[in-house]
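**Q** Top line first, the protein sequences correspond to chains A and B. First residue of the first sequence? That's 1 in the numbering used here, and the numbers climb one at a time after it. First residue of the second sequence? That's 442 in the numbering used here, and the numbers climb one at a time after it.
These aren't lab readings, by the way, just hints derived from the structure by calculation. Check the hints yourself; a few may be wrong.
[Unchecked claim] Not the full set, but computed from the structure, chain B residues with beta-carbon under 7 Å of chain A:
no.: 1; residue: Ser471
no.: 2; residue: Val475
no.: 3; residue: Asp574
no.: 4; residue: Leu582
no.: 5; residue: Ala824
no.: 6; residue: Pro827
[To be verified] Per label pair, the in silico range of CB-to-CB distance:
no.: 7; chain 1: A; residue 1: Val356; chain 2: B; residue 2: Ile635; range: 50 to 56 Å
no.: 8; chain 1: B; residue 1: Ser655; chain 2: A; residue 2: Lys93; range: 39 to 45 Å
no.: 9; chain 1: B; residue 1: Gln627; chain 2: A; residue 2: Leu30; range: 42 to 48 Å
no.: 10; chain 1: A; residue 1: Leu70; chain 2: B; residue 2: Glu638; range: 58 to 64 Å
For each residue, glycine too, the CB sits at the ideal point set by N, CA and C.
Chain by chain, the residues:
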Amino acid sequence: MAEFINGIVGLEGATFGYVVAALVHCVLLLHVVAVGALIFIWLERKVSGRIQDRLGPTRVGGKFGWLQTLADGIKLIAKEDVTPDGADRMLFKLAPYISFAASFAAFLALPFADGWVANNINSAVFFVLAVLGLEVFGVILAGYASGSKWSLFGAMREAAQVVSYEIPLGLCVVVPVFLAGTMNLVTIGNMQAGWLSNWFVFHDPFTFCIFWIFFTCATASVNRAPFDLAEAESELVAGFHTEYSGLRWSFFFMAEYGSMFLVSGLGAILFFGGWNGPVPIMHIIGWADSGGLTGYLANLAGCVNFMLKATVGVTVMIWIRWTLPRLRIDQVITTCLKYCVPLASACFLGALCWEVLDIWSPNHLHLGSKPAHQVNEDWATVPRFPELTNPGIPESGDVYENGPPEMPAEPGPESVDGDTAAVERASDHQLFTSSRQEDSP
Amino acid sequence: MATKTDDQRIIEFDVRTDEMLVNMGPQHPSTHGVLRLVLRTDGEIVSQVEPHIGYLHRCAEKIGENLTPRQWIPYTDRMDYLAGMNMNLGWALVVEKLLEHQISDKARHLRVVISELNRIASHLVGMGAYGLDLGTFSPFLYAFREREKILDLFEDVCGARLTYSYLTPGGATADLPPGWLQRCEQFLDQFEPIIPEYHALLTTNAIFIKRTASIGVISPELAISYGCTGPVLRGSGVEHDLRFNGEEIYTEMYDGYVFEVVCEKDGHYPADEDYPDVPSEAVLGDCWHRFYVRMLEVIQSIKLVRQAMERYSTATGDHGVPIKFNQKLPKGEAYLETEAPRGQMGFYLVSDGTAIPWRARARSSCFCNLSITAEICQNCLIADIPAIVGSLDVVMGEIDR
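Please work from the sequences and hints to get the whole structure.
**A** Here it is, written out as structure tokens:
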């Protein structure tokens, strides 16, 4: 894109194009977070309305109250920005931005479709979790700096909660990572292309179980009911954001909804095939990986697919929130540390054994004597769109080889040599995958 | 700072730096109005709770010494504003007791219909608000949806939706309007089958049980010694209901009605085969039992309303002629407690022979129920405070009067 812009203005290799391209990406992402939050707040109001036998917003902005959130936003901007006397002024003002920035920055590494990612980093899973974890600092700072006892309680609870859910959350995320053999979210998403049996959640029973643990911990990580202890309105008034008003308060709100979308999107990529639909229509008609306009359209469809999956995740979170009572802080810690950690560990070991013992799995990645981690390393490393026109439906390991045509992989035990050669072509993960190759039976 | 050392609490507060005094209320989302609780907390653990009341005091009793008994009826509405009909009834019966006034059978059955319907409405609020205290919002609105229908019925009867002033010394201000019994029947037919929804959302919900079972346990002895009444007392396993154990003038209203006191006996509630089992975590007298007693009382009230409607439609006589506004009271005094939804509501009337009482006094059930908070909230978590206070189901309007 930078070259494209430089081409228009007639500069060669100038930084101007890169700055503009970066700005465009930033604005796009910012709007995904901001508009996404607006839509999800609207969705929450409509869904909770339906759950509670009422209509939700109906007037503002036409039939379905589309603009209700915008109207609320205008109201929040117009409200007085109060800082309590007892507050630590600088930290008090800083806290909402930390929360929002952390939630927003995590989107940097979240792909919306094949290659549609602001920064395709190889440790994207780690990055997303790490940056999302920073959001907690905003909450703790807000609680500490407000100078209110209720806020302090909220901050303490958040601190206690974060140490309990982060561990099982990390354990859950590790499972799809070792199945894929990479932390690159684009690669992980692409590995699950094909029919819905290719999704990691259907790889084996353990990955299926671990998705639910992941979802539980993800709900806890974004402070949604029944884990919304930090703001527990019936106990702590409003918890950490008791003293916040107007726009600063809305930053917390947007961060919460941004994070909800983020963890749902992460779950969709790690377990539910990301942008790959249940039926590989784009592969059947040959648009996927074709480059050009058709490739763009395929990616657009993938983006819609991904958004839908993430929205389903958000909707389930909303549904849970309006159904369940809140847990107590000791029960949250018990749930996370006493139940989720052992369960996640057991599932981790189970999935590991499944992979090591080479047990059959509906996931095609496993067919043809090819462990999953060997199949698609080159997706991330070899140039995309070689002279390939129709990659067909990826059904078994050999179709998945998008590498040069002189290295076709054949199913069956005799293809191990070919696989090893293919793996060695992959420069980035060579060491990792080769060592795993030696370990596998 | 010599003056400060006079106050022992300040010394303690200064020395023990890890404790924090927190005001919960009077402006707090889960204190059911304007209750103020002063919590002494060590982190999340609450070592001491002190309830403070008086924020809704409106001098109702003093006003009662300046009005005739019928004029005071609207003030009784505003005591337990969630069960105005039951408050009206309590005062009406006391005045009738002093006057030795007999009302017709029809008026008696009408009173049962109305007061038991109001009990359902009141328990619905108690149940929904309890869900709110525990952090679930939807049951509250489900409960209000049904309560609205009862309020619609009350509006047809007396024009008001909250402060009815309908039952009055001598009977009721008006007869039931035509077609009302059918509408009431329709409501009950629609309401009864959806009660399992509430059980699914709350009573049997795993998180709900975790939050309420074995929390805030009140032993029967403790409940009796603090003067707890109503569902709080019955939730502790004490079988006491003024509709059975009350004075003649009150129990004769319920003569011949088939219903049971909702109270656990040998691990079972009366006619509980249709309802969820008592979870193994629950201890008699905990928040779960108090909640469950309310839920089951709704069933009993539905039964009572059905019976009362049948009797009302066949009974002869009128709906009772209200006493005159300036009816002279005989010299003397009368006291009567009735079984209001939240406990035993007592009214005391002393007359010096004029139309205006010399003393009008209301004995609040919630006051006694609330007074136990300090005892049972020791060493619980902050999150348990709304759970315990909510399970007592206090209405500040009745406590402060």
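**Q** Are the hints correct? Go through all of them and say.
**A** To see whether the hints hold, each was checked on the structure:
no. : hint                               : in the structure
1   : Ser471                             : holds, 4 Å
2   : Val475                             : violated, 15 Å
3   : Asp574                             : holds, 5 Å
4   : Leu582                             : holds, 4 Å
5   : Ala824                             : holds, 4 Å
6   : Pro827                             : holds, 5 Å
7   : Val356/A with Ile635/B: 50 to 56 Å : holds, 53 Å
8   : Ser655/B with Lys93/A: 39 to 45 Å  : holds, 44 Å
9   : Gln627/B with Leu30/A: 42 to 48 Å  : violated, 55 Å
10  : Leu70/A with Glu638/B: 58 to 64 Å  : violated, 35 Å
Comparing the model with each earlier hint shows violations of hints 2, 9 and 10; every other hint is respected.
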